[in-house]
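Peer 1: With the hints as extra help, turn the sequences into a complete structure.
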Amino acid sequence: MLTENEKKLIDLADKTELIELTQKLVQIDSVIRPETGNTEKNVVAFVSDWIEKEIGLKPLVEEVEPGRENVILTIDSGVPGPTLMFEGHTDVVSEGDPAEWTHGPFSGLVEGNKLYGRGSCDMKAGLAINLLTVRTIMKSGIPFKGKLKLCIVCDEEGMMIGVKNFIKQGHAEGVDACLVSEPLDNELCLTMKGAIRAKVKVTGKMAHGCTPLFGINPNTRMARIILAYEEYENKLKEVHGCDEFLGWPSLTFTVVQAPPAGEPAQLNVMPRDAEAWIDIRTIPGQDHDQIRSDLKAILKKLSESDSDFKAEIEYIEDRPVVSMERDEKIVTESHKAFKDLTGKEPTYNGVPGATDGTFLRAWAGIPCLVNGPGPRKLPHHVNEYADIDQMWECYRWYLLTAIRFCN
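First residue of the sequence shown: 227, per our numbering; consecutive thereafter.
No lab work stands behind these hints: they were computed from the structure. As the structure is a computational prediction, the values presented were derived from the model and not from experiment. Mixed in with the good hints there might be a few duds.
Said to hold, decoys possible - Okay, derived cross-link-like pairs now, BS3-like style, lysine-lysine, Cα gap no bigger than 30 angstroms in a straight line:
| no. | residue 1 | residue 2 |
| --- | --- | --- |
| 1 | Lys603 | Lys340 |
| 2 | Lys371 | Lys463 |
| 3 | Lys340 | Lys371 |
| 4 | Lys234 | Lys562 |
As the list claims (entries may be wrong) - Each pair of labels, with its calculated beta carbon distance range:
| no. | residue 1 | residue 2 | range |
| --- | --- | --- | --- |
| 5 | Asp520 | Ala271 | 45 to 55 angstroms |
| 6 | Ala487 | Val465 | 28 to 38 angstroms |
| 7 | Glu291 | Thr480 | 16 to 26 angstroms |
| 8 | Ala487 | Ser303 | 45 to 55 angstroms |
For each residue, glycine too, the CB sits at the ideal point set by N, CA and C.
Peer 2: Here is the structure:
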């Protein structure tokens, strides 16, 4: 049952405004393009200007790396109470070949119930909801306790330098809960997969393609590694099974290059080096230290039967599995708010990858509920779109959750 103040707050939500703000965000290209120097900076400028005009406060814009900035805003009600944070990121992945898109990748075009564009669901729709939720609560005049905080960071799609810097600078201190509006079909996601990022390098000996026996082929050695790691992946699945929310553990070779990037390749030249990148995803019950040890041991075993086998593995990132219980206050309030708004029970699930919430939970201990709008299988695809019905549902849901959590 909604109170009169809650009804007043929900009635202030404007669907057209939500669509238009999302369109404006999508129309700003925030793909990280080293070749041109394009970063999130234009979205950051737009967001910080919007906050000043619409909320009436000047946010902190903090540089993480040149051209890579975080936007941070804290609104203190003046009354003691909890701090609720809304988190989102400004970067998006590459659109790939624009010719494959039915609509321009940065058009923000609306057709039926879909708003198209790169980053529309991942996660500029969620970013718009975060901004509008805080603005609407401020403009409503409805009293609330504690603080509202906006955490809008760079580089979620990369090494997550934005959220790591946010935590290291002390901005996560005192935050009691966080809503992360990543595209998960408005489901209550309590857990997130862990991740290990690794590079494997094989060193051989360069030779002419017509006299391969005078060289050492790194490609055949890399092929053995790929097959051995695939066998190891299957064993992990047998041991740990399929998690209720997160599915199967996985070990995926995403990039295989010989010679490595930047070195000239020729059809009639056996390269000296081969390199591969591996994306390892984990579920509860897996030990990351054990996985790293096992993968090194596999390389050692392969070398025992081949004196020319020279390979090494480098671990470049480690993101733990994180989770929280259903009785966390942010979860119970979100559950009740969803049911009161829709008349339906919410669906519980997990995040198939890591998010900024991974580090907010692991490093800062903040309960992070990931429950944003957008088809969960659509991010990074061609013809990405945001589902407008889900956007509208999430916006009003966030408003109700926030006012109840704070009060």
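Peer 1: Does each hint fit the structure? Answer for all of them.
Peer 2: A quick look at each hint next to the structure:
no. : hint                                  : result
1   : Lys603 <-> Lys340                     : 15 angstroms, holds
2   : Lys371 <-> Lys463                     : 47 angstroms, violated
3   : Lys340 <-> Lys371                     : 36 angstroms, violated
4   : Lys234 <-> Lys562                     : 18 angstroms, holds
5   : Asp520 <-> Ala271: 45 to 55 angstroms : 46 angstroms, holds
6   : Ala487 <-> Val465: 28 to 38 angstroms : 35 angstroms, holds
7   : Glu291 <-> Thr480: 16 to 26 angstroms : 24 angstroms, holds
8   : Ala487 <-> Ser303: 45 to 55 angstroms : 51 angstroms, holds
Violated hints for the displayed structure, listed by number in ascending order: 2 and 3.
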